Amino acid sequence: MQLDAYFKRIGFTGTAKADLPTLTALHRHHLLAIPYENLDIHLGRALTLDLAHIFDKIVQQRRGGWCYEMNGLFAWALREIGFDVQMLGSRVGSPAQGGDADLDHLILEVTVANEPWLADVGFGNGLLEPIPLRVGTYQQGFWEFQLSEETAEQRWFFHNQPHGGSGFGFMRQVRPYASFARRCYELQTWPESGFVRATVCHRHTGDAVITLRGAVLKEVTAQGVA
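Heads up: the sequence shown begins at 17 in this note's numbering, then just goes up one per residue.
FYI, nobody ran anything at the bench for these hints, they're computed from the structure.
As the structure is a computational prediction, the values presented were derived from the model and not from experiment.
Fair warning: there could be bad hints in the mix.
[To be verified] Derived DSS-like pairs (lysine-lysine); straight-line CA-CA distance at most 30 Å: (1) Lys33 - Lys73; (2) Lys24 - Lys73; (3) Lys24 - Lys234; (4) Lys234 - Lys33.
Required output: the full structure, derived from the provided sequences and hints.
Structure (structure tokens):
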């Protein structure tokens, strides 16, 4: 990866080290600079896991992307810096029961100083910064997120901020990037897929999330939904 080009794309000017301040800054800069969007699906362009193509699209063409692209690119950048990064699969909506649904959404587990962190720049209206991968409630600005765990099943659930819609269930089972290819294809071709039925764009501004779903524009701030 051309890290300098990626840093320029997200507006990061600090010194990149495999530490928590760098992880937090990169996560925040990525979300503030790069929108979540599924527009290629509606333009008849296939979305793949080809990292060179994703880099060209998001960094060189200054586009956005969806979770498989956004977190794939972010994981690549973090590994280039020296972070310990693992990919996990999750199911949006409720704790998963298994099967391919566990690959609905790609998330990252990043270990820093022997502590695991949940990083996710591909959920659109979710986390602005990474959070510790442990049960708790986490405040980021006026957004509140929660992590819970069903200990018997070793299954976790991320509760998104109230105006952000669904959360996602996941297990800490490492997944190779290629294992998401089938689900990536299905979600952009299945007629009943929400990604096929409507265009979706999310943009973080730091103190708001702006969402365009189909022809409906919504902005969520500390004052509420407009």
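Hints, verified against the model:
Of the pairs offered as hints, the one joining Lys33 and Lys73 holds, with about 26 Å between alpha carbons and a cut-off of 30 Å not exceeded. The straight-line distance between the Cα atoms of Lys24 and Lys73 is roughly 15 Å, inside the 30 Å bound, and the hint therefore holds. Between Lys24 and Lys234, the direct Cα distance comes to roughly 29 Å. Compliance with the 30 Å bound is thereby established for this hinted pair. With a CA separation close to 36 Å, the supplied pair Lys234 and Lys33 exceeds the 30 Å bound.
Consistency note: the structure conflicts with earlier hint 4 alone.
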